[in-house]
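Q: Those protein sequences? They're chains Y and S, same order as listed.
For the first sequence, my numbering begins at 1 and goes up steadily by one.
For the second sequence, my numbering begins at 1 and goes up steadily by one.
No lab work stands behind these hints: they were computed from the structure.
Since we're looking at a predicted model, the values are computed, not measured.
Don't take every hint at face value.
You can't tell identical chains apart in this list, so a pair holds if it fits in one copy or across any two.
Claimed, not checked - The calculated lysine-lysine pairs, modelled on DSSO-like cross-linking and capped at a C-alpha distance of 30 Å, are: (1) LYS169 <-> LYS227; (2) LYS53 <-> LYS232; (3) LYS106 <-> LYS232; (4) LYS221 <-> LYS106; (5) LYS435 <-> LYS232; (6) LYS345 <-> LYS221; (7) LYS232 <-> LYS345; (8) LYS345 <-> LYS227; (9) LYS435 <-> LYS227; (10) LYS345 <-> LYS169; (11) LYS345 <-> LYS106; (12) LYS169 <-> LYS53; (13) LYS227 <-> LYS106.
2 protein chains.
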Amino acid sequence: MPAPPAAAPPAPTGPTALLDRLREGLPAGAVLTDPDVTAAYAHDMASFCEAGKPAAVVLPRTTEQVQHVMRTATAFRVPVVPQGARTGLSGAANAVDGCLVLSLVKMDRVLEIDPVNRIAVTEPGVVNAVLSRAVEEHGLSYPPDPSSWETCTIGGNIGTASGGLCCVKYGVTAEYVLGLDVVLADGRLLTTGRRTAKGVAGYDLTRLFVGSEGSLGVVVKAVLALKPRPPKQLALAAEFPSAAAAGDAVCRIMAEGHTPSLLELMDRTTVRAVNAMARMGLPETTEALLLAAFDTPDPAADLAAVGALCEAAGATGVVPAETEAESELLLAARRMSLVALEAVKGTTMIDDVCVPRSRLAELLEGVEEIAGRYDLTIGVCAHAGDGNTHPTVCFDASDADEARRARESFDAIMALGLELGGTITGEHGVGVLKKEWLARELGPTGVEVQRSLKAALDPLGLLNPGKLF
Amino acid sequence: MPAPPAAAPPAPTGPTALLDRLREGLPAGAVLTDPDVTAAYAHDMASFCEAGKPAAVVLPRTTEQVQHVMRTATAFRVPVVPQGARTGLSGAANAVDGCLVLSLVKMDRVLEIDPVNRIAVTEPGVVNAVLSRAVEEHGLSYPPDPSSWETCTIGGNIGTASGGLCCVKYGVTAEYVLGLDVVLADGRLLTTGRRTAKGVAGYDLTRLFVGSEGSLGVVVKAVLALKPRPPKQLALAAEFPSAAAAGDAVCRIMAEGHTPSLLELMDRTTVRAVNAMARMGLPETTEALLLAAFDTPDPAADLAAVGALCEAAGATGVVPAETEAESELLLAARRMSLVALEAVKGTTMIDDVCVPRSRLAELLEGVEEIAGRYDLTIGVCAHAGDGNTHPTVCFDASDADEARRARESFDAIMALGLELGGTITGEHGVGVLKKEWLARELGPTGVEVQRSLKAALDPLGLLNPGKLF
Chain Y
1 MPAPPAAAPP APTGPTALLD RLREGLPAGA VLTDPDVTAA YAHDMASFCE AGKPAAVVLP
61 RTTEQVQHVM RTATAFRVPV VPQGARTGLS GAANAVDGCL VLSLVKMDRV LEIDPVNRIA
121 VTEPGVVNAV LSRAVEEHGL SYPPDPSSWE TCTIGGNIGT ASGGLCCVKY GVTAEYVLGL
181 DVVLADGRLL TTGRRTAKGV AGYDLTRLFV GSEGSLGVVV KAVLALKPRP PKQLALAAEF
241 PSAAAAGDAV CRIMAEGHTP SLLELMDRTT VRAVNAMARM GLPETTEALL LAAFDTPDPA
301 ADLAAVGALC EAAGATGVVP AETEAESELL LAARRMSLVA LEAVKGTTMI DDVCVPRSRL
361 AELLEGVEEI AGRYDLTIGV CAHAGDGNTH PTVCFDASDA DEARRARESF DAIMALGLEL
421 GGTITGEHGV GVLKKEWLAR ELGPTGVEVQ RSLKAALDPL GLLNPGKLF
Chain S
1 MPAPPAAAPP APTGPTALLD RLREGLPAGA VLTDPDVTAA YAHDMASFCE AGKPAAVVLP
61 RTTEQVQHVM RTATAFRVPV VPQGARTGLS GAANAVDGCL VLSLVKMDRV LEIDPVNRIA
121 VTEPGVVNAV LSRAVEEHGL SYPPDPSSWE TCTIGGNIGT ASGGLCCVKY GVTAEYVLGL
181 DVVLADGRLL TTGRRTAKGV AGYDLTRLFV GSEGSLGVVV KAVLALKPRP PKQLALAAEF
241 PSAAAAGDAV CRIMAEGHTP SLLELMDRTT VRAVNAMARM GLPETTEALL LAAFDTPDPA
301 ADLAAVGALC EAAGATGVVP AETEAESELL LAARRMSLVA LEAVKGTTMI DDVCVPRSRL
361 AELLEGVEEI AGRYDLTIGV CAHAGDGNTH PTVCFDASDA DEARRARESF DAIMALGLEL
421 GGTITGEHGV GVLKKEWLAR ELGPTGVEVQ RSLKAALDPL GLLNPGKLF
């Protein structure tokens, strides 16, 4: 057992000594220092988040190599920023000056798929879609499906506890992580959780690391729970004369005990942006489009019931997809919403406020009011069944005044979310973007407790400093 | 914000000063000191677990009163043992000498049931069955159903992260806890989590407290997720010539992608014990009885498919229940298993080993071998679908040699569970009973990390000392 890090004397400083030590335990080509190259690793997909210059990017391929990196970082007192595919939306993967960017993308093996126990064991760099397709071949499903699922990694999903379209029925990433191997700040290897369906041996360390944005340890292996592959889902689209009416429909659907596999909302701005980008032929005259899908034994019957509830809530049109292909097209439209909104004015800030679904209509109306007040285009798409909205501020970053208004409106939306009993982040995380807001949401005791846990696990503060708090 | 506890000077010592201070902030009758009365609060339902003599039992009714108790305990440096209905099976709620037993049973209000957002908000002393019935009236379901559900409390369920019969489909208590109010060791009030369907603002403190057996804080309020009420389940019973064949059937059922609402196993010893207690007329000639149930739209079809898989695994008889009443009778038989086994020889030690379900047959055969080796009766009932077994050692506590063998066989079963890639506890927790085994399961780094979190939240070590570690 290594001595606790605080007792170890700092190593000789200087960039050359650091790089030499790193290379001793890493394969050739695993330490990148060319500034043009390392700059590409310096930030994720969030706007308005500072990013520093890394001292190096390291690309380990094994747990032992990650341990070597962390031991070296501890010896040299160098901060480390763990990183996946950099598809995050809060700056959590952004470099800080002089840090090591610890990219896990080369640890990309699916180690095991076990249909009887319904688990998969993977390395962190496995791309979500790769795992999803691999388990499908065994008749299984790995539900978490963030919009970036074709490129984002399982390690990144775990770091940000990411969500997706499936959550209203299948829940978020956190609910699928049974156990982890984690390299701690000082290089010790910790195994958490289990491979069994149940287990309560000690504190739930697994869930502490899920969503910790690389600030408590480096995930090097994950045991993931799988589900049986459900039937293909069938979807409908319902048009509403106002976002509030669509919110009302969501409440009726959930209060009646339905469990759709998807319940998504796109407002008119989003619908138009998607049509403009991909000529999808979505109806542009409505104020809000609600998409509902079921993967039940009789989805047509469930869609009929939900369609009736939409009409009762004021829907002006309900169009059920008649084939899987039509359903897929609707989902594709929803999935491209954020990219399409980005094309509107070149830059976006994507909010991630989640409110109790009974307050959804109020949130949507409030965002409209905020857009008017700041004279901005704000498109809203939402995982409506979860009350998780992505009000997306579209602006021209070269217009300083518009950029300032964008930032202010973004904050106004978070304030509104908290006022409605919600959270500042349903699935994108805190990172750099929302760290001031985290303190507002948690309150002083919450922040104190969170900081005390951070200090217990990373006493030198080397892991992803400046994020979250 | 109160000063950190370490800075506060200890208060004048002595039992009278302590009791006087307690009474200052508690209603009349809320501090019990009569030794005959306090003795009744000194232990839960676990065998072979030491229990000390409490200095007093306190019965607060509000959060503020719990804060007063914890501030007083901190001032006087007195240990506190939080406690629900004492139905636990690992001694986690047992008193230590000179402690305050902090019973939450008087905080027993269901504060809110919200069908649109599918949440309930409760105090910790609400009995599981009371909540379950209350939400049913709203067309909702609170799935976690430990065998003691008619008497155990939600706070106790949260403290032990308890499971039940429903877990194979609906998961454990932890999956239903969205947010908590927790009084910390020094009396500060911490709010964790959220009321929304999703949320990733900061570390997941909620899950850290769930299953922490009262060692990190005192839960005074919980926001719980609810599900739509499913259709009534329909069950079948399948008879097997060996426990291993029943284990094989479980693997086939789960590998084929079925999701039963219940998949339970009773071995011959258990079946006979239940018949002896309640004349249930269960078939005594088989070695193992597997119960499967579905609450799907067409349970009869699902049962037919599962029945065929049972036959393929060697079942000698498959008897589907034809009515809900028949199904209920089968479940009632399963629910009374532990009580019935207790009647066999007067005392039981109930193990709680959970293995990957693919290793279930090996565990069942191993337990048979252990029973033979120690010349003991060990009945096994199991949440077979989860691989969570309750090998139950039946013995005469007045026979010292038999009691010693019982304890040894109990340990041998845990060793076997770990060998098979399992955990020492699927749902009953560690408490006093398994604390030596927890260290074996977690390993040195695991224990160090767990202890560091305990120290961060309870630096004086006042909350439920001597449990877990």
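Q: Have a look at LYS227 and LYS106 and pick one of within, between, both or neither, based on CA distance no larger than 30 Å.
A: within (27 Å within a copy, 40 Å between copies)
Q: What label fits LYS345 with LYS221 when the C-alpha limit is 30 Å: within, between, both, or neither?
A: neither (40 Å within a copy, 46 Å between copies)
Q: At 30 Å max between alpha carbons, let me know whether LYS345 reaches LYS106 within a copy, between copies, both or neither.
A: neither (35 Å within a copy, 59 Å between copies)
Q: Pop the pair LYS169 and LYS53 into one bin, within, between, both or neither, using alpha-carbon distances up to 30 Å.
A: neither (41 Å within a copy, 48 Å between copies)
Q: Between copies, within a copy, both or neither: which fits LYS169 and LYS227 at Cα up to 30 Å?
A: both (12 Å within a copy, 10 Å between copies)
Q: Since the copies are identical, ignore which copy is meant and state whether LYS221 and LYS106 lie within 30 Å (CA to CA) inside a copy, between copies, both or neither.
A: Classified as within; 13 Å inside a copy, 44 Å across copies.
Q: How would you label the pair LYS106, LYS232 (within, between, both, or neither) given a Cα cut-off of 30 Å?
A: Classified as neither: same-chain Cα gap 33 Å, cross-chain 49 Å, threshold 30 Å.
Q: Pop the pair LYS53 and LYS232 into one bin, within, between, both or neither, using alpha-carbon distances up to 30 Å.
A: neither (46 Å within a copy, 60 Å between copies)
Q: State whether the alpha carbon distance between LYS345 and LYS227 is at most 30 Å within one copy, between copies, both, or neither.
A: This pair counts as neither: shortest intra-copy Cα distance 40 Å, inter-copy 42 Å.
Q: With 30 Å as the alpha-carbon cut-off, assign the pair LYS435 and LYS227 to within, between, both or neither.
A: Cα proximity of LYS435 and LYS227: none, with 34 Å in one copy and 33 Å across.
Q: Check LYS232 against LYS345 for me: Cα-Cα at most 30 Å, and say if that holds within a copy, between copies, both or neither.
A: Result: close neither inside a copy nor across copies, 36 Å intra and 53 Å inter.
Q: Between LYS435 and LYS232, at a C-alpha cutoff of 30 Å, which is it: within one copy, between copies, both, or neither?
A: neither (39 Å within a copy, 47 Å between copies)
Violated hints, in rising order: 2, 3, 5, 6, 7, 8, 9, 10, 11 and 12; the structure is consistent with all others.
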